[in-house]
Amino acid sequence: MNRKKLQKLTDTLTKNCKHFNKFEVNCLINLFYNLVGEVTERQGITIGLDRNAFRNILHMTFGMTDDMIMDRVFRGFDKDNDGYVNVSEWIYGLSVFLRGTLEEKMKYCFEVFDLNGDGFISKEEMFHMLKNSLLKQPSEEDPDEGIKDLVEITLKKMDHDHDGKLSFTDYEQAVREETLLLEAFGPCLPDPKNHPQLFHSHPRADGNSHLVWPRKDGNCI
Amino acid sequence: MSKQEVRFSGEWKKKEALKEAPKKEEAAALQKALPASGKSVLEKNYINFGKSQMTKRLQPSLNWKATFDFKEHKSLLRDTQEEKHGGRLERSGPPVSPRRSQLVRKSAEKIEEIISESSSESEEDEEPPDHHQEANAGLPSEYWQIQKLVKYLKGGNQTATVIALCSMQDFNLAQETCQLAIRDVGGLEVLINLLDTDEVKCKIGSLKILKEISHNPQIRRNIVDLGGLPIMVNILDSPHKSLKCLAAETIANVAKFRRGRRAVRRHGGITKLVALLDCAQNSGEPAQSSLYDARDVEVARCGALALWSCSKSYENKEAIRKAGGIPLLAGLLKTSHENMLIPVVGTLQECASEESYRTAIKAERIIENLVKNLNSENEQLQEHCAMAIYQCAEDKETRDLVRLHGGLKPLASLLNNTDNKERLAAVTGAIWKCSISKENVTKFREYKAIETLVGLLTDQPEEVLVNVVGALGECCQEYENRVLVRKCGGIQPLVNLLIGINQTLLVNVTKAVGACALEPESMTIIDRLDGVRLLWSLLKNPHPDVKASAAWALCPCIQNAKDAGEMVRSFVGGLELVVNLLRSDNKEVLASVCAAITNIAKDQENLAVITDHGVVPLLSKLANTNNDKLRRHLAEAISRCCMWGRNRAAFGEYKAVAPLVRYLKSNDTSVHQATAQALYQLSEDADNCIIMHENGAVKLLLDMVGSPDQDLQEAAAGCIYNIRKLALATEKARYT
Chain X
0 MNRKKLQKLT DTLTKNCKHF NKFEVNCLIN LFYNLVGEVT ERQGITIGLD
50 RNAFRNILHM TFGMTDDMIM DRVFRGFDKD NDGYVNVSEW IYGLSVFLRG
100 TLEEKMKYCF EVFDLNGDGF ISKEEMFHML KNSLLKQPSE EDPDEGIKDL
150 VEITLKKMDH DHDGKLSFTD YEQAVREETL LLEAFGPCLP DPKNHPQLFH
200 SHPRADGNSH LVWPRKDGNC I
Chain R
0 MSKQEVRFSG EWKKKEALKE APKKEEAAAL QKALPASGKS VLEKNYINFG
50 KSQMTKRLQP SLNWKATFDF KEHKSLLRDT QEEKHGGRLE RSGPPVSPRR
100 SQLVRKSAEK IEEIISESSS ESEEDEEPPD HHQEANAGLP SEYWQIQKLV
150 KYLKGGNQTA TVIALCSMQD FNLAQETCQL AIRDVGGLEV LINLLDTDEV
200 KCKIGSLKIL KEISHNPQIR RNIVDLGGLP IMVNILDSPH KSLKCLAAET
250 IANVAKFRRG RRAVRRHGGI TKLVALLDCA QNSGEPAQSS LYDARDVEVA
300 RCGALALWSC SKSYENKEAI RKAGGIPLLA GLLKTSHENM LIPVVGTLQE
350 CASEESYRTA IKAERIIENL VKNLNSENEQ LQEHCAMAIY QCAEDKETRD
400 LVRLHGGLKP LASLLNNTDN KERLAAVTGA IWKCSISKEN VTKFREYKAI
450 ETLVGLLTDQ PEEVLVNVVG ALGECCQEYE NRVLVRKCGG IQPLVNLLIG
500 INQTLLVNVT KAVGACALEP ESMTIIDRLD GVRLLWSLLK NPHPDVKASA
550 AWALCPCIQN AKDAGEMVRS FVGGLELVVN LLRSDNKEVL ASVCAAITNI
600 AKDQENLAVI TDHGVVPLLS KLANTNNDKL RRHLAEAISR CCMWGRNRAA
650 FGEYKAVAPL VRYLKSNDTS VHQATAQALY QLSEDADNCI IMHENGAVKL
700 LLDMVGSPDQ DLQEAAAGCI YNIRKLALAT EKARYT
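Chains X and R, in that order, are what the protein sequence lines are. Mapping of the first sequence onto numbering that gives the first Met the number 0: position 113 corresponds to residue 112, and the numbering continues sequentially without gaps. Mapping of the second sequence onto numbering that gives the first Met the number 0: position 239 corresponds to residue 238, and the numbering continues sequentially without gaps.
Chain X with its partners taken away, still in its complex shape (with noise of 0.2 Å):
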């Protein structure tokens, strides 16, 4: 990408994008950039980081280990659903991703466990992503039972209008009571303990900050 363009696009970025600073941004582009590859920028190809190469970022750098989750988060950031995550979806969902409020934190949190996207997370949905959290026993007869048991409780805490599912109002109350279970049904946020660099600014003696992105071969500056 031209000079001019790499701009604007930062500019824009940076504009709508709360929680990175210019310099950031022009980081984070420049890595998506080096993640990406070297591609020709032709017309009607969409360049960004499909399935794989994001869940492989996922798994590399945030530690991250649950498949579906991880589908879940590439869908959430992929926001036009087109299979690829672009440079602006990148920003804007690592935006939430990295440095989110609470409230930015729990919007993508409920539409990563709402699997459906129709707005609730039933108990099936609630099953799914705890099918595998418990230990099977082979002495249990019904090995799904504590799961079913573990969905019962978790509805029974959290879904405070007694319909049998879990509405964003719902999952917002409960979460605003109990902070941990924001990521109730699986861990769809960076465990801050990783990498703690990521999560704020680093001024640096020049007065630009940069992001200290940990890679095999260095530092992003």
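Check before you lean on any hint, since a few could be wrong.
[What the hints assert, rightly or not] Restraint-style ranges between C-beta atoms, simulated for each label pair: (1) R:His336 to X:Asp79: 48 to 54 Å; (2) X:Lys17 to R:Gly330: 32 to 38 Å; (3) R:Pro229 to X:Lys17: 20 to 26 Å.
Hint data in this document are derived by calculation from the structure and do not stem from the laboratory. Even glycine gets a Cβ: it sits at the ideal position worked out from N, Cα and C.
Please build the complex by placing chain R on the supplied structure of chain X, with the hints as guidance.
Same frame as chain X, but now just chain R:
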């Protein structure tokens, strides 16, 4: 192996790997079941079939096996319904198979069996835990629900764990049945193990529960026994403020007994807790996420809470001071958050019993803030401030500071509010200690505190009475106050208090009564109420402080009573009792008894009686002492006792004279005076003169002739006169 299974196992492994368990040999061996490996999630995904991995897990399992076998044996003996589990109890030899899933399954079996074992052993019903609970013989349904949740804690990944932890918080964790239920199903071990992992959410969830259930004294002990404290202390280093807060609050609960406090110190907890107090230091790290953040003020408050619990032990007080806790506590006093102030003042008040603290407290201007907070609305805060002042006011400068900062008035006005007994005890204590300074007494008088104090002499609990009487005792050192106390009708209740068993109270009462007895009219009242007899019987009290205090009080009584001699004689066995007290080892008792004897001996008849009881040899035996207080009173007693019969000569025979001469070398002028008097009296006997002369008394006495004290001059001169007279007579005899 499917990828799914493997990945899941990886996540789960954090809890499944067994750890060396150095804990005590409690029958609840579940503790050995699932400690955490503490590895990061990323690492766990790299499945390692290496032998070291397996042996690491295997090693502790052998120990575990022993208890497991025991349980197994026990269950087989009993007629159990556990077909599911009983028949499948496999000999848990080291698993040979390298296949991870099998290993996982085997461990899971053991875990579940142990769960069911313990549950079956703890009560009659043998239903396996994963059935939905039915009404059970005497067990509330919470028990089963909790047991289920603990099972999920053990067998779930991070997501399931967090859900189970959040659900557990919904129980009434303040209720003992719930608390013990958690413990009995092995929940404590799991909760503590969760603290040892790297998963922040699990730690937070676990601490929230531990914080609540550790209000129970049994649970506290269990937590310490299971080694929970060092883990919690380590969490204090976490960069996440909310974790620090939760850990500190839990430590505050757990450290409420001695072993817990000691454990905190031994694991370096005190230094870390003191570090929490430093708000400025805490704000270094920027907030990482709203989940893990907390206000700095909150962190400091939790640290102060924990320190308050810990500060009840002496070594911890020292540790806090050495860690630089005092300036930090002083800084926190300046805030106006009551929640913060209470633990801070509480800590200061505990620690202020140590002298090293009092010096530092003066330096840090803490008194000013304590006085300020006396005016707060919060009763608990007032109580702790008053207690702190009580502790610190042992020191004169502090007493002045309290007055200068206007602390006496609020103290006096708080006396009027008698509902809150703890606060009243603290306030009266502060008044007592402050009254040691005369200027403060004047102020209290101004604020009409003395009348109020007299009013508090009846119908109050002992803690309050001790302090009230102590305060009155100090106030009555002044003449006007003695009169005031009498006029308020204070003498009667005071005398009534002479009957009692609380030693501190008795010491204070005797002192107060003795002070009042200096006023003749009060003395009449005391006499009328039979107070002197009560004092005298306190001489039989086993505690030396009480004996001494009673004896001191008797002196003004005897001095000021009408017909003192008659009165003393009327106490059957009283004189013998007093003389026998001269056999005591306690210097204070001896000094006080000598003073009493001095007064008793003013009456000739009584002097005769005590001579018969052998007062002379007993007094003489005491002569060899370096204690100035004792020397002075002993000398006074001796000089009195000389005035009967052949006591003078007897003192000489019992070798009292030579030591007395040595008293003249003391630095204390009151000793000089008393000794000179004694020597003067003794010198009426010729043999004594010789002894005095031989011991170089003349030179010493000559110096004293020039003293500004007139009585001393006279006595010294008189003594020298006698010695000289004898010398002259001897010379004359030589030449005739």
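A quick look at each hint next to the structure:
no.	hint	verdict
1	R:His336 to X:Asp79: 48 to 54 Å	holds (50 Å)
2	X:Lys17 to R:Gly330: 32 to 38 Å	holds (36 Å)
3	R:Pro229 to X:Lys17: 20 to 26 Å	violated (42 Å)
Hint 3 from the list above is the single one not met by this structure.
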